[in-house]
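There are 2 protein chains.
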Amino acid sequence: MTSPIAVVGAGLVGAGWAIVFARAGHDVRLYDGDEKIRATALDGIRANLEGLQSFDLINDAGAVADRIAVHGDLASAVAGVSYVQESVFETIPVKHEVTQQLDEACSSETVIGSSSSGIPASAFTENLKGRSRCLIAHPVNPPYLVPLVELVPAPWTHSGVIDSTFELMESVGQSPIRIDREVEGFVLNRLQGALLNEAWALFEEGYASAGDIDKTVSEGLGLRWSFMGPFQTIDLNAPGGVSDYAARLSPLYHAVAESRTDPQRWSDALVACVEHERRQHVSAEGLKDRREWRDRRLMALAAHKAKASKKLGD
Amino acid sequence: MTSPIAVVGAGLVGAGWAIVFARAGHDVRLYDGDEKIRATALDGIRANLEGLQSFDLINDAGAVADRIAVHGDLASAVAGVSYVQESVFETIPVKHEVTQQLDEACSSETVIGSSSSGIPASAFTENLKGRSRCLIAHPVNPPYLVPLVELVPAPWTHSGVIDSTFELMESVGQSPIRIDREVEGFVLNRLQGALLNEAWALFEEGYASAGDIDKTVSEGLGLRWSFMGPFQTIDLNAPGGVSDYAARLSPLYHAVAESRTDPQRWSDALVACVEHERRQHVSAEGLKDRREWRDRRLMALAAHKAKASKKLGD
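Sequence lines, in order, name chains A and B. Everything in the first sequence is counted per this note's numbering, starting at 103 for the first residue and increasing by one. Everything in the second sequence is counted per this note's numbering, starting at 103 for the first residue and increasing by one.
Any given hint could be a false lead.
No copy is singled out in the list; a pair is fine if it fits within one copy or between any two copies.
To be verified - Below, computed lysine-lysine pairings styled on DSSO-like, alpha-carbon distance capped at 27 Å:
#1 K390 to K413
#2 K390 to K138
#3 K409 to K231
What the hints contain is simulated information worked out from the structure, not anything from laboratory work. Nothing here was measured: the structure is a model prediction, and the numbers come from that model.
Next comes chain A alone, as it looks inside the complex (with noise of 0.2 Å):
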């Protein structure tokens, strides 16, 4: 027996979450607050399933869309769920302002985890009564694709929230990570950042196209990371392991480090640069096309890794 769980939002996100947790058997009560979103959320989820059935990540559609129901009343969606996804418009007013309504809405036991991406659960948490029950559960999309989940506390969450919602995580499939305390940008997006500042960096000062360190990841570096983190890559780049791997390449890593102390904003003009190359590749009119390719092929990748994963071991 699995118990029903909510979602609030039901815009890209919200469906995302829809999916992650009917998929593992539970009921759903997608919540929205908007009669449009919900007049067609289900034909998006109904689309997404029926994609994910021919990759043969699930088995029946069908059964799995049966058990998401919308509902546009708050109180009834919540009433005697145990976990809420909120995944509503990211600005701090509207966060306050649902979490709010779901503090006093939902029973004293129920966990409100946040899909917020950058905001911290301490900026909309602060005054709630329940505000222990409150978390940021973050992921990555589409969820159902992609199962990162970074969960962060906000400095008043219990710490049992923490570890009931890992377990409902690992549970539904998705890869949790405990984030010890708030920090701007949580990992996932401070390593993107990372990465993506020095990509800028070498663009604007001519090294490389943007093209080409796109190749560099999507043909070089992307591929290991895709069953691999990075602490794991380097351990077997070494004879020695990372300790090798560190004495051998941490001074070339800490003079990467040292030319990138004065860090420049990514500039209009640079962004610019950037978005005129990606448009000869993909027209505005075609970007929606384009995430469609996109999930299809994180379909496949995963239809991949699953069993890979099986064949060959994690």
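For this one, chain A is given, so just place chain B on it according to the hints.
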């Protein structure tokens, strides 16, 4: 008709290059000055070719192996070849000595590419008569599974040498990129270093375990990056493309950069912590097997990417 290629140095990197060129139909002359290395080089190559065949990445391992001849005489190895891939031990004196020998032994038309991962060509080719035909062609390991090759000119490298090496690399199925001029770490290791430096800092400050930082990449960022680069990725992560993304998120990434303007070295104590954490998962004695596991996963991934590209497009 493809012309013969010489690979100088039959260690791990050189043996990998021999596979790349022979797989594409070139006769390969694999030179090493060390009799012991010569004696076993082909055994390792054959084992890797059988692995490639088991993943349907090549049709006939024996035919590929038959195109590789091991040489103990440099002059005969390079006679009449249009390209030499130098892959000797990476110190300036060794690179300098071998490249000087090559410059004397090769016809004036032969291009000499170095596998150097860090030492720029200007550090060991300046005083050579044929310095304009020397460049860096830095692979990722193993090159027959990770196609990226960084082409980096010295200030005196002839532009036609870059062009012809670019064409050669594409013709054998690699993914070459052009780097405009020398820069410490080239592009790949600068991008890797930026992410690694942030990873070490987050670990040092106690935000997350090394295992959770690894997961952030292997179950998060690395999935998209296995088929799209960083610019291609963010181009799809905001409705209006890369400029829309920059408008929304560049302040966050600038703040990340501003928080790292006093870069610390990877301290011995810190490295020892990660070494200890890694050894809980893979023993020191198990690293060799783990590298073989990684290569099998890379083979499976290469087969997957080829299929996904064909079915879904790039």
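Item checked: Hints violated by the structure (listed by number, smallest first) -> Checked against the structure, the only hint that fails is number 3, while the rest are satisfied.
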